[in-house]
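Just so you know, the protein sequences line up as chains P, H and Y, in that order.
Counting from 1 along the first sequence, just add 4 to a position and that's the residue number in our numbering.
Counting from 1 along the second sequence, just add 8 to a position and that's the residue number in our numbering.
Counting from 1 along the third sequence, just add 157 to a position and that's the residue number in our numbering.
A portion of the hints provided could be inaccurate.
Said to hold, decoys possible - Only some residues are given here: those of chain H computed to face chain Y with a beta carbon under 8 Å:
1) Ala57
2) Glu58
3) Gly75
4) Ser163
5) Ser171
6) Met174
7) Ala183
Said to hold, decoys possible - Over the 12 Å line for every Cβ pair with chain H, so calculated as not near, a few chain Y residues:
8) Arg159
9) Leu163
10) Leu166
11) Ile167
12) Leu176
13) Phe203
14) Pro283
15) Leu294
16) Trp327
17) Met400
18) Ala403
19) Ser404
20) Arg408
21) Val421
22) Ile422
23) Ile424
Simulated from the structure, these hints should not be mistaken for laboratory data.
For each residue, glycine too, the CB sits at the ideal point set by N, CA and C.
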Amino acid sequence: MKRISPAITQLIAVGCLWTFTLLTLSILLFIIAYILIQGLPWLSWEFLSQAPESMGRRGGIFPMIVGTFMVAGLAVLIAAPIGIATAVYLTEYTREGKFTFIVRFGADCLAGIPSIIYGLFGFVFFAIALGMGLSVISGALTLTLMILPTIVRTAEEAIRAVPPAYREASYGLGSTRWQMVTRVVLPLALPGICTGIVLSLGRSISETAAVMLTAGSALRMPHSLSDSTRTLALHFYILSREGLSMDKAYATASVLILLILALNLFAYWLMRQVTRRNG
Amino acid sequence: MYRSKINSALIVPVLLCFALLLTACSSQTGESVHIVGSSSVQPFVELLAESYLKNNPEENVDVQGGGSTAGLQAVRTGLANIGTSSRMLTAAESETFDSAVVALDGLAVVVNPANPLSKITSAELRDVFSGKIANWEVLGGDDRPIRPITREAGSGSRDNFASLVMEGNPISRRAITQESNGAVKELVKGDPAAIGYISLSMLSHEVKALLVDEEAPTIENIQKGHYALTRPFLFVTKGDMSPEARRFFEYVLSDEGQAILEEEGLVRKP
Amino acid sequence: MRQEKLIALILQAVALSALAGLLLITVFIFKEGLPLILRTGLKDFFFSSDWEPDAGHFGIMSMIIGSLAVTLGAMLIGGTLGLGMAIVLTQFCPPKLASFLKPTIELLAGIPSVVYGFMGVVTLVPLIRSYLGGPGLSVLAASIVLGIMVLPTVTSISIDALKAVPRTYWEGSVALGATRWQTTHMLMLKAARSGIVAAIILGMGRALGETMAVIMVAGNALEIPGSVLDPVRTLTSNIALEMGYASGEHREALFAAGVTLFAVIMIFNTIALTFARRTIRQGRGQ
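Chain P extracted, bound-state conformation:
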């Protein structure tokens, strides 16, 4: 058999790989387009601002929007300071060693735990052992643990990307380590840190299994952190699975997709700011 020339092999291989890539991109495009085409016509101000009626078959999704942002927002509010502090400690306050290894290992393992396990844990720990019940706060604390590794990882990368010269200059001017961190390093790393936070917010909004087991599925407007709530993703799941109203389900899904698109675009824009500055 004649040997195929390397140039032809390359052509075939690269052709295949590009086909894979285009296939993936078209799947992504298809999902987004499908949901938006089916859902956008049903989207209106009333839908966004009204409470649902008869289990969601009529009316809007306002309580779910509020519930989603309460759960996801609170999770980010708690996880961000912890995550950033962890990253600062790992990068600025200690040398690579056993301690950093253990902390990183813990964070990496946490990142790999499936959301259903978070759900089971949040249910027995926050909802039952700590007596928080199925509530906004149980859901938020569960999500906090879930997004913590992402925030630590991205904050660490952002802090490491700050050139050492800035630190030396700061020390040269006589500042303490803490002053150097808060006045020089963190402001410079801020866009990178925010990228991680924005992406974590997106992940919290998308999460379903963990929230279902910890925040419950009450249709009412949550009035306090101890009320049960139903997030948008869970509402979409229930609407579409119970066959209550496909129109409302698609409309809810398009709200979710638009939110995720907006958050990802924002994160992308933030990242561009960083690369532009550093590059």
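For chain P, the structure is supplied; the task is to place chains H and Y on it using the hints.
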């Protein structure tokens, strides 16, 4: 192991207790009516509460799921004013609780509209779901495998189906399991080989309901007690009800309340 | 200076919170689930497919097999596509385009899993049912949906691994007259091997742990699937399906399934992290 058992037995009441305490704290006007129980009944009670509160904005009705047994537990401990159940009470339970049927629901056996079959007997149904009959040809249909669709363990519909049809035979391990009425219906709608059971209130022309033992799942047949796959929706109480709970209870049994349930596809109380 | 020490101490304590979270999760999941495994016996729990909660039978073998089947399928699809994309983005694509494509692929990771499951039910399942046969809800449907879901994980970690290979390797190979493809598959992929293995294993962890999408497209039948067109129940979907009503032993059994899942994922993570660390070391030329 004693500890985890206690823990498990306590969990639902503890959770409910907590939820109820919180809602009790947050309500400003009068006593709230707490209703806990069957997840099959829950959506209907939510609907009733919705319209009840429209006319009586000063009242407060709080509806939670958790299952029929959890509902009874909550009534026993006084955490709920009314428990809901989608099954008859056992003899022991009837001694402790008062119960009233607020509506009847039928389980419709549904197949794809393309399926030529129009009726089935309970014995055949049992054999289909236990896996003994695996081809539609045996029942007089086309030559294609039967794909039974069941609900998840613990769901009220599955429990009712098992006790009304299966007579102790286990449901086949091959049966596809779906987690809601809507999902079962959606699957039957798309698959000519499928057979499933859904609440009468979910029935529409997209799927075909079979006659069971020559009886159609109609409101009339259920009222007369002819249709075998019928289950009651009960309101369960213990001792004297609070005035608020009584008012809601009466609303549900009133013509207006019953009309709402009927509109949702349930059958009026007999 | 004393203030500085205090700050360092506080930061150190906070840094331990991730680890504390991990420990809490481990302790609580095992505390709830382990007693039942021990009571049922390892053999009857892991090697029996008899799952009948009402009768007190808790054998999870068919779900373990189910989880492995869909994970394997997902990796065949998601691993191939993901690695392929990583190669394209690092080796055969203008950097400008790559810097646009990478966040686009990461958008795939942001789409809620319920949306993936839903899309699977409305588009993929009917296709499989009408063209390939079976109920449509199947190992195949779950594998394809999961494959797409794990793709961003595989791609982004593989990209990092390929980028960590020193540029000089590539230059040397091309200078010797190798084509770019020869360079890629003979040199770059070998040099980045550990990182790619890590990407695949982490992707497997993702697929194994995914819940909501699998419930919707896998069919959840308890029988061990005989072909890719048969329905299947995974460990995760079993937990989410039955958790709503479960109490007593049944609930413990679901936690025990959680323990199993947790243990497998932790083993995966540890292996992946070991491989990932090896790449970093290689990348630094140590």
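Handout entry: Status of Ile424 (chain Y), Cβ more than 12 Å from any chain H Cβ
Key = Holds, because the least Cβ-Cβ distance between Ile424 (chain Y) and chain H comes to about 25 Å, which exceeds 12 Å.
Handout entry: Beyond 12 Å from every chain H Cβ - status for Arg408 (chain Y)
Key = violated (5 Å)
Problem - Hint check, Ser163 (chain H) versus chain Y [nearest Cβ-Cβ separation less than 8 Å] - result: holds (7 Å)
Practice task
Examine each Cβ of chain H, and state whether all of them lie more than 12 Å from the Cβ of Arg159 (chain Y).
Solution key: holds (44 Å)
Practice task
Beyond 12 Å from every chain H Cβ: check whether that's true for Trp327 (chain Y).
Solution key: Non-interface label on Trp327 (chain Y) holds, nearest chain H Cβ at 51 Å vs cutoff 12 Å.
Problem - Given as non-interface: Ala403 (chain Y), partner chain H, CB spacing beyond 12 Å - result: Ala403 (chain Y) not clear of chain H: closest Cβ-Cβ about 6 Å, inside 12 Å.
Exercise for the section: So, Ser171 (chain H) near chain Y? Judge it on the closest CB pair being under 8 Å. Expected result: Nearest chain Y Cβ about 11 Å off; hint violated.
Problem - Non-interface label on Phe203 (chain Y), tested against every C-beta of chain H at 12 Å - result: The assertion about Phe203 (chain Y) holds, with a minimum of 18 Å to chain H.
Problem - Ala57 (chain H) as chain Y interface residue, shortest Cβ-Cβ below 8 Å - result: violated (21 Å)
Practice task
Hey, is Leu163 (chain Y) genuinely clear of chain H, shortest beta carbon separation above 12 Å?
Solution key: holds (38 Å)
Problem - Distal placement of Ser404 (chain Y) relative to chain H, Cβ over 12 Å - result: violated (6 Å)
Practice task
Could you check that no beta carbon of chain H comes within 12 Å of the beta carbon of Pro283 (chain Y)?
Solution key: With a cut-off of 12 Å, Pro283 (chain Y) comes too close to chain H, as the shortest Cβ separation is near 6 Å.
Hints 1, 2, 5, 6, 14, 15, 17, 18, 19 and 20, counting from the list given before, are not met by this structure.
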